[in-house]
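Trainee: As a plain string of letters, each chain reads:
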Amino acid sequence: DAKTTQPPSMDCAEGRAANLPCNHSTISGNEYVYWYRQIHSQGPQYIIHGLKNNETNEMASLIITEDRKSSTLILPHATLRDTAVYYCIVREYNFNKFYFGSGTKLNVKP
Amino acid sequence: DAGVIQSPRHEVTEMGQEVTLRCKPISGHNSLFWYRQTMMRGLELLIYFNNNVPIDDSGMPEDRFSAKMPNASFSTLKIQPSEPRDSAVYFCASSQGLNEQFFGPGTRLTVL
Numbered sequence: 002d003a004k005t006t007q008p009p010s011m012d013c014a015e016g017r018a019a020n021l022p023c024n025h026s027t028i029s030g031n032e033y034v035y036w037y038r039q040i041h042s043q044g045p046q047y048i049i050h051g052l053k054n055n056e057t058n059e060m061a062s063l064i065i066t067e068d069r070k071s072s073t074l075i076l077p078h079a080t081l082r083d084t085a086v087y088y089c090i091v092r093e094y095n096f097n098k099f100y101f102g103s104g105t106k107l108n109v110k111p
Numbered sequence: 481d482a483g484v485i486q487s488p489r490h491e492v493t494e495m496g497q498e499v500t501l502r503c504k505p506i507s508g509h510n511s512l513f514w515y516r517q518t519m520m521r522g523l524e525l526l527i528y529f530n531n532n533v534p535i536d537d538s539g540m541p542e543d544r545f546s547a548k549m550p551n552a553s554f555s556t557l558k559i560q561p562s563e564p565r566d567s568a569v570y571f572c573a574s575s576q577g578l579n580e581q582f583f584g585p586g587t588r589l590t591v592l
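Residue numbers (my numbering), protein chains in the order written: chain A, 2 to 111; chain B, 481 to 592.
In case anyone wonders, no lab produced these hints; they're calculated from the structure.
Glycine included, C-beta positions come from ideal geometry on N, C-alpha and C.
It is possible that some hints are incorrect.
To be clear about the criterion: a stretch of chain B counts as covered by chain A if any three or more of its residues have a C-beta under 8 angstroms from a C-beta of chain A, and this derived list gives those stretches [unchecked claim]:
#, region
1, 519-530
2, 541-554
3, 580-586
Here are the simulated lysine-lysine pairs, PhoX-like style, with alpha carbons at most 25 angstroms apart [said to hold, decoys possible]:
#, chain 1, residue 1, chain 2, residue 2
4, A, Lys70, A, Lys53
5, B, Lys558, A, Lys53
6, B, Lys558, A, Lys106
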């Protein structure tokens with residue numbers, strides 16, 4: 002079962018930052034937070050993951066609260082191609098299974 | 481790297497027929513996953529293999545579904561007999577150990 006809660010949809014203006022929230026209030030100490038996205042029926046695409054520190058890569062930044070009960074994925078300059086369903090997933094460190102919830106449908110508008 | 485390769489990309493069959501979906505993982509990856517995606521149930525993990533051995537098949541819906549991984553570069557998911565409720569997009573993914581999973585383009589299955 003998915004251990005995360007995400008808003009079903011969000012809008013973002015092209016060129017602005019998209020901030021996607023995720024609640025994972027029951028997360029335990031050995032569980033990572035992963036973000037994937039799925040663009041229009043393509044296979045899901047890995048974005049970023051973290052344990053407790055904030056992380057940044059070429060695609061996005063991941064901000065995890067100090068108590069680790071929630072996180073935010075930030076796309077710094079959203080483009081139309083970022084329109085997708087974004088999944089926040091909690092995964093136990095030694096447990097190689099992902100549970101995909103409903104995700105957030107991000108609509109980037111011109 | 482070609483990424484995860486799945487075939488066929490689309491399959492239309494009639495109820496009762498056998499369906500075989502194929503997957504070639506990324507070279508060097510030792511974990512392989514089969515997922516199913518429907519509007520009603522979202523993306524579900526069916527089974528995953530580690531070093532060609534099935535580790536967890538708790539997501540396989542029933543005995544009509546079977547999966548094999550005869551070697552590190554090939555896996556099949558078979559449905560026999562197929563039913564209309566099996567219509568879905570089936571994704572294969574691979575990873576190197578516990579690292580991120582890379583997904584294939586999927587096979588869209590329609591059972592009439």
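Trainee: Enumerate the violated hints, using their earlier numbering and listing them in ascending order.
Mentor: When the structure is compared with the hints, numbers 2, 5 and 6 turn out to be violated.
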